[in-house]
Amino acid sequence: MGVFDSRRTSGRSNSIEKSETKLILSDKSPWPIQEAYKALRTNITFSLPGTGCKVIAVSSAQQHDGKSTICINTAISFAQLNKKVLLIECDLRLPTVGTKLEIRSVPGLSDTLIGSAQISEALRRNVRNGLDVLPAGNIPPDPTWLLQSNQMKVLIEQFRKLYDYILIDLPPVTSVADASIISRYADGFLVAVRHQVTEIPALEDALAQLHLAEAKILGFVYNDVTSEGGHYYKSYYKGYYKK
0 MGVFDSRRTS
10 GRSNSIEKSE
20 TKLILSDKSP
30 WPIQEAYKAL
40 RTNITFSLPG
50 TGCKVIAVSS
60 AQQHDGKSTI
70 CINTAISFAQ
80 LNKKVLLIEC
90 DLRLPTVGTK
100 LEIRSVPGLS
110 DTLIGSAQIS
120 EALRRNVRNG
130 LDVLPAGNIP
140 PDPTWLLQSN
150 QMKVLIEQFR
160 KLYDYILIDL
170 PPVTSVADAS
180 IISRYADGFL
190 VAVRHQVTEI
200 PALEDALAQL
210 HLAEAKILGF
220 VYNDVTSEGG
230 HYYKSYYKGY
240 YKK
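Residue numbers (numbering that gives the first Met the number 0): 0 to 242.
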């Protein structure tokens, strides 16, 4: 299993987290960011043809690759098309969606799965126009057990009837088995890759684990790119096809 180099994160993780909170997509976002997510949205649409709800999981090889911000912004981008979109935070160990979107994280997914809260209590409706969010909720002692439960399966099946797109924010693939477990519910995976942060061995390990779970990998989102105009957040989609 790939190991994330703590030397890269110890002095950088806080600054990364703070910078990402300012990068939630809106009509005030810089033009390159808006265009990048429009391109990503278009590529996803062509990668998942046909009718019915599409469930898209977003993960990464390791921590601090930007996967939660990418998941949130992709969900907002689809909502901008007047689609009914749901974002489910399945990173039940280190949830960040509530903080990034400035919404309550409790109650949430974990609370509904154990029966301590109703969906109506846990769901944050219209967080952005057309976007509902189901945050992580209280951190459980065994997140993996909850995600592979029959209650999770039933929940996804119910939501498929209500939404056009479901975006699922997952933990890094190489950290825990949660991403592989959710692959049975997802129509496709996006893998976040961060410039000068994501380690190639960890990415290779993540892809091997997703292949083992028979996950459909839609592509990579390469972000945090340095351009001639300075350092800014840019998403670049690279299609990926299983051979």
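Hints listed in this document are in silico derivations from the structure and should not be mistaken for laboratory results.
Do not take every clue at face value.
Calculated lysine to any residue pairs in the SDA-like style (CA-CA distance at most 20 Å, straight line) [stated by the list, open to error]: (1) K215 to Q195; (2) K83 to P31; (3) K215 to G187; (4) K215 to I180; (5) K37 to D26; (6) K83 to Q157; (7) K82 to T143; (8) K83 to Y184; (9) K83 to D186; (10) K83 to E120; (11) K215 to F45; (12) K82 to I138; (13) K27 to N125; (14) K83 to F158; (15) K99 to L122; (16) K152 to D186; (17) K83 to L47; (18) K83 to I155; (19) K83 to N125; (20) K215 to N42; (21) K82 to N149.
Just so you know, these numbers come straight off a predicted model, no measurement behind them.
- Unmet hints by their number, sorted upward, for this structure: 1, 2, 7, 12 and 21
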